[in-house]
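Those protein sequence lines, which keep their order, are chains A and B.
Here our numbering is used: the first residue of the first sequence is 36, the next is one more, and so on.
Here our numbering is used: the first residue of the second sequence is 17, the next is one more, and so on.
Because the hints were derived from the structure by calculation, they are not lab data.
Cβ coordinates follow ideal geometry from the N, Cα and C atoms, glycine included.
Relax, there's no trap hidden among the hints.
Far from chain A, by Cβ distances over 12 Å, these chain B residues were calculated:
| hint | residue |
| --- | --- |
| 1 | R28 |
| 2 | V67 |
| 3 | R97 |
| 4 | N107 |
Over 10 Å on every C-beta distance to chain B, these chain A residues come out as not near it, computed from the model:
| hint | residue |
| --- | --- |
| 5 | V44 |
| 6 | C62 |
| 7 | P99 |
| 8 | V107 |
| 9 | E111 |
| 10 | V144 |
| 11 | V178 |
Pairwise CB distance ranges, derived in the manner of DEER restraints:
| hint | chain 1 | residue 1 | chain 2 | residue 2 | range |
| --- | --- | --- | --- | --- | --- |
| 12 | B | A188 | A | A40 | 18 to 28 Å |
| 13 | A | R48 | B | A45 | 50 to 60 Å |
| 14 | B | V67 | A | L159 | 27 to 37 Å |
| 15 | A | R199 | B | P22 | 33 to 43 Å |
| 16 | A | T153 | B | T20 | 47 to 57 Å |
| 17 | A | M36 | B | V111 | 56 to 66 Å |
| 18 | B | I33 | A | L159 | 16 to 26 Å |
| 19 | B | I33 | A | E187 | 25 to 35 Å |
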Amino acid sequence: MTSLAITVVGHDRPGIIAEAAEALSHCGMNLEDSSMTLLRGHFAMTLICAGAADSAEVEAALQPMVNGSLEVTVREVPDEPDLLPLGSTYLVTVHGADRLGIVARLAGVIAEAGGNITDLTTRLSGPLYVLLAEVDVPRTADVEALQARLAEVSTDLGVDATMRLLDNDQL
Amino acid sequence: MNVTLPTLPQGRVLDVIRAPSPILSVSAALVDPTHPAVVQLCADLVATMRVSPGCVGLAAPQVGVAAQAFCVDVSGHPKTRTSNGLIVLLNAEIVEASRNDKGREGCMSVPDLTGDVKRATRITVAGQLPLSGERVLITTDAFEARALQHEIDHCNGMLFLDRVTGAHALHARKVYLNPAASDGC
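Same shape as in the complex, but just chain A (with noise of 0.2 Å):
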């Protein structure tokens, strides 16, 4: 059994996934966990199958699709552990006037903490940018402090930042 990491990033237009998903299943590839959005208009999918077939047969099949407007990239990774947060998962909601710099040192303080981003979206809308950031926290983490170094840093940076505890309801 192989495990195998895919990215498509490209043009967009109807029936890629499709088209990806027909060749993985030809190959006898499941397609296990996928994450596929636009990012500025581009199509871009990353996904982990698992199945008998190498890297090399998994890329030749997907060449076809190709076709000059999109970049496949297939590369075999190990098995990784699903492991469960530690501690708490927080959202970071920061958003202001685009700069650059934003994403890099406030992902910085939350690592510093030993923060983990696990999610994360950004959004550049006009001169608006948007981050979202659901991050785990270990339960040995100062969070208040963290709370307040996000504070110190996004004032720097002129921009709001938020961090609040997400729902984890279990019904």
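Following the hints, position chain B against chain A.
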């Protein structure tokens, strides 16, 4: 609203401020409901809301005035259950809130994005009417409750962006001027 809204003067259509304008992040000041400038501001908010397609509410910070004033009118919207018609409130606050539900919101001050936001579906809001300053309580639900909370947030320097439910809860606005697609406030 079990009270009659006083007759406001002729309103002027104002430009709507867009994020990242700093005024949208400021907690607005309480206002004197009887002051002529405040009454005119209320009329201007209503006039600006009325000419903006799909708009069901507008708060003073959205027209560049850091004042605790807003208007809402969800009558005729497909998501509306209870409607109090045109609401114009000053110095408003939520005094009771229950039964949260998630919905997708848009905002004239963030025109190209929408977001999934959890809000109370039954609320009671206290505030003052323009001109008379009469204190009123409004109890409502569903879409009108959502619109009121959105506008009260504006008066407290908050955008729907500050309340989205997760990293994947922000979306590019795909449908314009369709009030059923998202809630434009």
